[in-house]
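Start from chain V and add chain S according to the hints.
The residues making up each chain are set out below.
Protein chains: 2
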Amino acid sequence: MTTPHPRKQRLAEFIRAIWDEGDADAADRFIAETYTIHHDPGDPWHGQTLDRAGFRDRLVKSRAAFPDQRFHTQAMFADGDSVVMTWLWSATHSGDIPGFPATGRTIRMSGATVYGFDRDDRLTGHWQITDRLGVYQQLQANLMAAE
Amino acid sequence: MTTPHPRKQRLAEFIRAIWDEGDADAADRFIAETYTIHHDPGDPWHGQTLDRAGFRDRLVKSRAAFPDQRFHTQAMFADGDSVVMTWLWSATHSGDIPGFPATGRTIRMSGATVYGFDRDDRLTGHWQITDRLGVYQQLQANLMAAE
Numbered sequence: 001m002t003t004p005h006p007r008k009q010r011l012a013e014f015i016r017a018i019w020d021e022g023d024a025d026a027a028d029r030f031i032a033e034t035y036t037i038h039h040d041p042g043d044p045w046h047g048q049t050l051d052r053a054g055f056r057d058r059l060v061k062s063r064a065a066f067p068d069q070r071f072h073t074q075a076m077f078a079d080g081d082s083v084v085m086t087w088l089w090s091a092t093h094s095g096d097i098p099g100f101p102a103t104g105r106t107i108r109m110s111g112a113t114v115y116g117f118d119r120d121d122r123l124t125g126h127w128q129i130t131d132r133l134g135v136y137q138q139l140q141a142n143l144m145a146a147e
Numbered sequence: 001m002t003t004p005h006p007r008k009q010r011l012a013e014f015i016r017a018i019w020d021e022g023d024a025d026a027a028d029r030f031i032a033e034t035y036t037i038h039h040d041p042g043d044p045w046h047g048q049t050l051d052r053a054g055f056r057d058r059l060v061k062s063r064a065a066f067p068d069q070r071f072h073t074q075a076m077f078a079d080g081d082s083v084v085m086t087w088l089w090s091a092t093h094s095g096d097i098p099g100f101p102a103t104g105r106t107i108r109m110s111g112a113t114v115y116g117f118d119r120d121d122r123l124t125g126h127w128q129i130t131d132r133l134g135v136y137q138q139l140q141a142n143l144m145a146a147e
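Taken in sequence, the protein lines are chains V and S.
Under our numbering, the first residue of the first sequence is numbered 1, with each subsequent residue one higher.
Under our numbering, the first residue of the second sequence is numbered 1, with each subsequent residue one higher.
Okay, chain V solo, but in the shape it has when bound:
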């Protein structure tokens, strides 16, 4: 339908390498010198600007409870210096979260993320909404089922 969009392709590569595969060393290829979490309710780094070491730390900690997580891109929209991605997500809850011990059950989530790019096509930050109530309800239900 449309010609491939370089930044959409780059974002797809970033999601796969960084968030799906958890390749922290690849962060330097994709991330600008600093990366700002402009808006991300519930994310411990909401509002912070991270250097690359900080980004790798957030990556490792964010994936710890869900090491097999996969993003399923629904659509991408490019405008100006941004690419918006709508997504579904699924993962096995295989690491402990405060209040929610690992259950081995599948957790599903959906969200929408605006990614900013610099002139070198590196990511400068994001603005994100996730359906964290949906996640919380699944964690609660699994906890009660395990008791």
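It should be emphasised that the hints constitute simulated quantities derived from the structure, not laboratory data.
Check each hint, because a few of them may be wrong.
Since the list can't tell identical chains apart, any single copy or any two copies may satisfy a pair.
[To be verified] In silico SDA-like links for lysine to any residue, alpha-carbon gap of 25 Å or less: (1) K61 <-> G134; (2) K8 <-> A145; (3) K8 <-> M109; (4) K8 <-> A102; (5) K8 <-> M144; (6) K8 <-> H39; (7) K61 <-> A17; (8) K8 <-> D20; (9) K8 <-> G99; (10) K8 <-> T106; (11) K8 <-> P98; (12) K8 <-> A78.
Just chain S now, with coordinates in the frame of chain V:
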């Protein structure tokens, strides 16, 4: 910076007339013959396709507890037949919600919405994520403060 984008302007007019002001009669100007809620976790009409009467019914019911609600657009992104809008929202909780009687307190929310347009620039539906956990936490805190 950029030239005005007709569909972004039209979306801004839709948000103001329909969702901020609650002008149900204006729906016919903005909505296609049918309107599909493709994805909207927590919305009672998630997954449904509505005709214009159904859209007006959803509008009236959605605004009942928050009649002075206002959307504060953060950014818009146009690509293909879609415009994505990131937004903050605030409203006085002045009508009852099941389990949450009106408190007169301000509730805040953020979200991201992908709107689809047809060739006549009418809206055909949306894909949306809202931070409903943030809303739930505020409603809970206000309920406990009132007890």
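Hints versus structure:
no. : hint         : result
1   : K61 <-> G134 : both (21 Å within a copy, 22 Å between copies)
2   : K8 <-> A145  : neither (40 Å within a copy, 47 Å between copies)
3   : K8 <-> M109  : within (21 Å within a copy, 28 Å between copies)
4   : K8 <-> A102  : neither (34 Å within a copy, 44 Å between copies)
5   : K8 <-> M144  : neither (41 Å within a copy, 46 Å between copies)
6   : K8 <-> H39   : both (21 Å within a copy, 22 Å between copies)
7   : K61 <-> A17  : within (16 Å within a copy, 43 Å between copies)
8   : K8 <-> D20   : within (16 Å within a copy, 33 Å between copies)
9   : K8 <-> G99   : neither (37 Å within a copy, 43 Å between copies)
10  : K8 <-> T106  : neither (28 Å within a copy, 38 Å between copies)
11  : K8 <-> P98   : neither (35 Å within a copy, 42 Å between copies)
12  : K8 <-> A78   : both (7 Å within a copy, 14 Å between copies)
In summary, the numbered hints that this structure violates are 2, 4, 5, 9, 10 and 11.
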